[in-house]
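There are 2 protein chains.
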Amino acid sequence: MNKKINDIDFAKSEGLVPVIVQDVHSREVLTLAYVNKESLELTQKTGNSWFWSRSRNKLWMKGEESGNIQKVKEILVDCDSDAIIYLVEPSGPACHTGEKVCFHNILEK
Amino acid sequence: MNKKINDIDFAKSEGLVPVIVQDVHSREVLTLAYVNKESLELTQKTGNSWFWSRSRNKLWMKGEESGNIQKVKEILVDCDSDAIIYLVEPSGPACHTGEKVCFHNILEK
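Chains A and B supply the protein sequences, listed in that same order. Just so you know, we're using this note's numbering here: the first sequence kicks off at 6 and counts up by one. Just so you know, we're using this note's numbering here: the second sequence kicks off at 6 and counts up by one.
Hints are computed from structural coordinates only; laboratory data are not their basis. Note that CB positions come from ideal geometry on N, CA and C, so glycine has one too. Keep in mind that the hints are not guaranteed to be accurate.
[Stated by the list, open to error] From the structure, some residues in chain B lie toward chain A, with a derived Cβ separation under 8 Å: (1) 6; (2) 7; (3) 32; (4) 37; (5) 41; (6) 80; (7) 82; (8) 84; (9) 107.
[As the list claims (entries may be wrong)] Now the stretches of chain A that chain B is said to cover, found in silico as 3 or more residues with beta-carbon under 8 Å: (10) 22-30; (11) 74-83; (12) 87-94; (13) 97-106.
[Said to hold, decoys possible] Sample of chain B residues lacking proximity to chain A, with all beta carbon distances greater than 12 Å (derived): (14) 43; (15) 69; (16) 76.
Work out the full structure, taking the sequences as your base and the hints as a guide.
Laid out in structure tokens, this is it:
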């Protein structure tokens, strides 16, 4: 089924929805971040991945400082419209630590 | 790097952390859900995927009603310890709609 931006349930979590950033080719999960409506609109409009930063309280484009932008090839929405996947082609590491992906730690018992 | 359960930043979002459920073999993203500390401990203890349901306000094990349990093969933690991946072997569809994955909708412009 196809959905539109107005179908997304931004109200459930105070205007923000989690977005899973996944490599469109390798299917690795790169990052988990958040979008508000405006950042999702910017992503659709520009083709680059935009988010809402909860720590800095502002819109941000991945790569705006590092240059490691992500081209968004497709956006998927889950069954209850409160979570999103960006399928991306990254142009560099996803993590601010320089690691390829943010999920580089194993949880031990 | 390895992390322990006490490293997880549950305080950031009122005791809950988002968890991406990903097929360990196909790398498909099945679901996005949430864990509190207790459900993460149950996951580590039992090897099945446990979560916290925000809508029902209770602990739940995937498959407790449908039988479609998920065996958790590894748990990954992101760089700032506020998001988790369960790498799972599913025994049936992940979505309550009967679809294999919850992310079965494409966002149109």
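Now the hints, each set against the structure:
1. Using the Cβ-Cβ criterion of 8 Å, the hint placing residue 6 (chain B) at the interface with chain A is satisfied: the shortest such distance is roughly 5 Å.
2. Of the supplied interface hints, the one on residue 7 (chain B) holds, with its beta-carbon coming within about 5 Å of a beta-carbon of chain A, less than 8 Å.
3. Look at residue 32 (chain B): its Cβ gets to within about 4 Å of chain A, closer than 8 Å, so that hint holds up.
4. Below 8 Å, beta-carbon pairs count as interface contacts, and residue 37 (chain B) has one with chain A at about 4 Å; its hint therefore holds.
5. Taken as an interface hint, residue 41 (chain B) does not check out: its beta carbon lies about 15 Å from the nearest beta carbon of chain A, beyond 8 Å.
6. Using the Cβ-Cβ criterion of 8 Å, the hint placing residue 80 (chain B) at the interface with chain A is satisfied: the shortest such distance is roughly 4 Å.
7. Contact between residue 82 (chain B) and chain A, as hinted, is supported at the beta carbon level, the nearest pair being about 4 Å apart and thus within 8 Å.
8. The beta carbon of residue 84 (chain B) is positioned within 8 Å of a beta carbon in chain A (closest approach about 5 Å), and the interface hint is therefore held.
9. Interface hint at residue 107 (chain B): satisfied, since its Cβ lies 4 Å from the closest Cβ of chain A, which is below the 8 Å cut-off.
10. Counting residues of the region 22-30 of chain A whose CB lies closer than 8 Å to any CB of chain B gives 3, so the stated coverage by that chain holds, three being the minimum.
11. Coverage of the region 74-83 of chain A by chain B holds in this model, with 5 residues showing a Cβ closer than 8 Å to a Cβ of that chain against a need of three.
12. Residues of the region 87-94 of chain A with a Cβ under 8 Å from some Cβ of chain B number 3, which satisfies the need for three, so the listed coverage holds.
13. As drawn, the region 97-106 of chain A meets chain B at 4 residues by the rule of a beta-carbon pair under 8 Å; at three or more, the given contact holds.
14. No beta-carbon of chain A is positioned within 12 Å of the beta-carbon of residue 43 (chain B); the least distance is around 15 Å.
15. For residue 69 (chain B), the non-interface assignment is confirmed: its Cβ lies about 18 Å from the closest Cβ of chain A, beyond the 12 Å cut-off.
16. Distance check on residue 76 (chain B): its Cβ is at least 16 Å (rounded) from any Cβ of chain A, clearing the 12 Å threshold; non-interface status holds.
This entry does not satisfy hint 5, going by the numbered hints stated previously; all others are met.
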